[in-house]
Amino acid sequence: MNFSMNLPVIIKFVIDLLAVLLLALGIKGLSKVKSARDANRLAAFAMLLSVIGLLSYYLGTSGIAIQSWTWIIIGSIIGSLLGAILAKKVPMTSMPETVALFNGCGGMSSLLVALGVAIFPISNSLENVDFFKSLINEVSISVSIFVGAITFTGSIVAMAKLQGWLSTPSWTQSKVRHFVNIVFAVASFLAFFDLINGNTTSIWLLVIASSLLGIGVTLPIGGADMPVVISLLNSYSGIAAAAAGFVVDSQLLIVAGAMVGAAGLILTQVMCKGMNRSLLSVLFGGSLSAQSTASGSSGEYTNITSCSVEECALTLEAASKVIIVPGYGLAVAQAQHTLREVTKKLEQSGIEVVYAIHPVAGRMPGHMNVLLAEADVPYDQLKEMDIVNPEFPSTDVVLVLGANDVVNPQAKNDSTSPLYGMPVLDVQEARTVFVIKRGMNAGYSGIKNDLFDLPNTSMVFGDAKQVLTEMIGELKDLGVGEK
Amino acid sequence: MSFISLLWVLLLGSLLGLELIGKVPPTLHTPLMSGANAISGITMLAALTLLVKAGGNVPLLIIGSVSLGFALFNVVGGFFVTDRMLAMFSRKPSNKK
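Chains as they are written, first to last, in my numbering: chain U, 38 to 520; chain L, 557 to 653.
Careful: at least some of the hints might be erroneous.
What the hints assert, rightly or not - Below, a list of computed lysine-lysine pairs in the BS3-like style, where the Cα atoms sit at most 30 Å apart:
no.: 1; chain 1: U; residue 1: K513; chain 2: U; residue 2: K420
no.: 2; chain 1: U; residue 1: K69; chain 2: L; residue 2: K579
no.: 3; chain 1: U; residue 1: K449; chain 2: L; residue 2: K579
no.: 4; chain 1: U; residue 1: K71; chain 2: L; residue 2: K579
no.: 5; chain 1: U; residue 1: K502; chain 2: U; residue 2: K381
no.: 6; chain 1: U; residue 1: K125; chain 2: U; residue 2: K71
no.: 7; chain 1: L; residue 1: K579; chain 2: U; residue 2: K420
no.: 8; chain 1: U; residue 1: K71; chain 2: U; residue 2: K126
no.: 9; chain 1: L; residue 1: K579; chain 2: U; residue 2: K65
no.: 10; chain 1: U; residue 1: K310; chain 2: U; residue 2: K513
no.: 11; chain 1: L; residue 1: K579; chain 2: U; residue 2: K310
no.: 12; chain 1: U; residue 1: K449; chain 2: U; residue 2: K420
no.: 13; chain 1: U; residue 1: K212; chain 2: U; residue 2: K310
no.: 14; chain 1: U; residue 1: K513; chain 2: U; residue 2: K125
no.: 15; chain 1: U; residue 1: K420; chain 2: U; residue 2: K69
no.: 16; chain 1: U; residue 1: K358; chain 2: U; residue 2: K65
Unchecked claim - Computed footprint of chain U on chain L; a stretch qualifies when at least three of its residues, placed anywhere within it, have a C-beta under 8 Å from a C-beta of chain U:
no.: 17; segment: 585-597
no.: 18; segment: 600-611
no.: 19; segment: 621-628
The hints are simulated quantities; they were obtained by calculation from the structure and are not laboratory data. Here a beta-carbon is modelled for each residue, glycine too, at the ideal position from N, C-alpha and C.
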């Protein structure tokens with residue numbers, strides 16, 4: 038073996054090593070506010086590097102045919118362009134569904150690679166076709182298809198549900214769904230073993246059964262559990278990538294896939310903790326609303342006080358400390374900028390304003406932070422639950438904007454409630470609580486909110502943006518923020 | 557590359573992933589998820605390998621190309637959207653008027 042033959046191998050080895058290092062640093066950096074943006078770019082650069090490494094390796098060894106180049110260019114231009122356009126255009130409020138969509142496509146990619154290799158075995162894998170090697174090949178192809186298909190259909194269902202294109206069908210809340218999913222799972226496994234035994238036609242059964250399993254598992258999951266599912270599916274797409282790495286014999290793919298898979302799992306766990314739910318109950322317990330009707334905790338409201346925007350503004354004017362509790366309703370109403378104008382006025386009058394961020398407010402952890410950052414709210418005013426909770430007793434006014442379950446005192450007081458044990462914001466400890474809400478509809482969990490019945494709580498009915506716009510006018514009339 | 561050493565790679569990669577994100581402020585959960593998601597599009601390397609090795613097999617070339625498209629949609633979109641989110645955090649608190 039002479040040196041020039043080995044050069045491409047050595048170059049690829051060095052580039053791959055560098056890419057893994059940069060990817061690891063990227064993921065690590067993404068978990069700190071200061072370094073996050075650079076870390077993201079570093080990871081993107083590492084990905085580019087890995088592509089250059091792979092292409093230069095093949096250029097230096099087997100060469101790349103013109104035909105291959107053509108299809109490489111077609112695929113990359115279309116994929117990158119669509120991705121870039123969507124990423125630029127999508128509103129910040131639909132971030133969770135966007136991540137779900139991207140994630141599903143990653144899963145689809147792994148699925149297609151495995152499918153391609155299964156139908157048209159690539160010439161290289163015929164080099165030493167001993168039994169063991171071909172078995173590994175079959176297994177990794179099957180795993181890649183199985184996980185890839187679940188990731189794809191699961192993510193698409195999650196996206197459709199978050200977009201409101203799909204609702205939760207009632208049959209999925211009954212026990213029937215477990216039976217249906219078991220059938221899909223068994224069918225997948227049968228196809229899996231049939232495939233390993235060399236029956237290649239069962240590959241289609243595997244594709245169909247695992248796709249249906251992805252749908253069947255995701256469809257019954259509702260509401261607040263959705264981010265957990267997306268995070269879990271994100272972890273799956275890493276596993277699918279690692280499996281594809283076994284299919285095409287790429288260490289880099291395996292490392293990166295495994296890293297994302299493991300990191301995604303940790304993130305999923307963190308999110309579950311924030312909602313006081315176990316991963317198992319998220320996956321198999323069905324949505325919270327179904328349980329709540331069974332346990333009878335969804336009673337009638339008896340003591341609702343509603344008030345006008347004017348009264349609310351008057352109370353705000355007299356306050357010295359105000360805490361804002363944002364939720365999904367704020368995101369839906371796109372009212373973050375209007376809210377910022379209101380709080381600016383309050384601050385100018387010397388009123389202390391703090392934002393209380395529940396770990397799972399919105400549809401995704403960090404959702405509110407992103408939203409408020411968009412409206413130029415300084416991030417030192419955003420306080421996490423554990424830090425802000427002791428501050429409520431010394432607070433004059435709490436404004437709840439489109440949040441519901443995360444401020445439900447039931448989670449502390451009522452052991453029969455499905456929410457019981459979930460950490461919540463203790464807004465009821467404040468002197469006055471205003472809940473800005475469109476109507477008396479229940480929150481995402483479908484559970485009655487005891488907060489609304491408390492004597493120190495007043496409801497301000499209306500769309501968050503409209504109410505806040507009126508509020509600006511009222512505050513102006515009162516002379517708040519004129520100094 | 558032998559299967560056993562690939563398994564080692566899988567194991568060490570997983571352990572690395574578990575260690576990398578111990579403490580993450582909730583603020584960064586969404587961007588982190590989105591960034592990690594973009595990285596999972598690394599499966600584009602598998603699609604590329606498929607395309608290079610496909611030779612003159614047109615159906616395989618098409619499958620590879622579609623697969624590459626999906627992966628790059630994931631990668632490019634994922635990094636851009638993460639950057640968009642993080643750009644919002646980069647404004648310093650002192651910038652407020």
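Taking the hints in turn, this is what the structure says about them:
1. U:K513 to U:K420: holds (27 Å)
2. U:K69 to L:K579: The given pair, whose Cα atoms are some 9 Å apart, holds under the 30 Å limit.
3. U:K449 to L:K579: Holds, at about 26 Å.
4. U:K71 to L:K579: Roughly 14 Å between the alpha carbons, so the hint for K71 (chain U) and K579 (chain L) holds.
5. U:K502 to U:K381: holds (16 Å)
6. U:K125 to U:K71: Satisfied, since the Cα-Cα distance of roughly 23 Å is no more than 30 Å.
7. L:K579 to U:K420: Answer holds: K579 (chain L) to K420 (chain U) is near 17 Å, not above 30 Å.
8. U:K71 to U:K126: holds (26 Å)
9. L:K579 to U:K65: Since the Cα atoms of K579 (chain L) and K65 (chain U) sit roughly 10 Å apart, the hinted pair holds (cutoff 30 Å).
10. U:K310 to U:K513: Violated, at about 43 Å.
11. L:K579 to U:K310: Roughly 13 Å separates the two Cα atoms, so the pair holds.
12. U:K449 to U:K420: Holds, at about 21 Å.
13. U:K212 to U:K310: holds (26 Å)
14. U:K513 to U:K125: violated (36 Å)
15. U:K420 to U:K69: holds (16 Å)
16. U:K358 to U:K65: Distance of about 37 Å is beyond 30 Å: violated.
17. 585-597: holds (count 13)
18. 600-611: Answer holds; 12 residues pass the 8 Å Cβ test.
19. 621-628: Holds, because 8 residues of the segment 621-628 of chain L bring their Cβ atoms closer than 8 Å to Cβ atoms of chain U.
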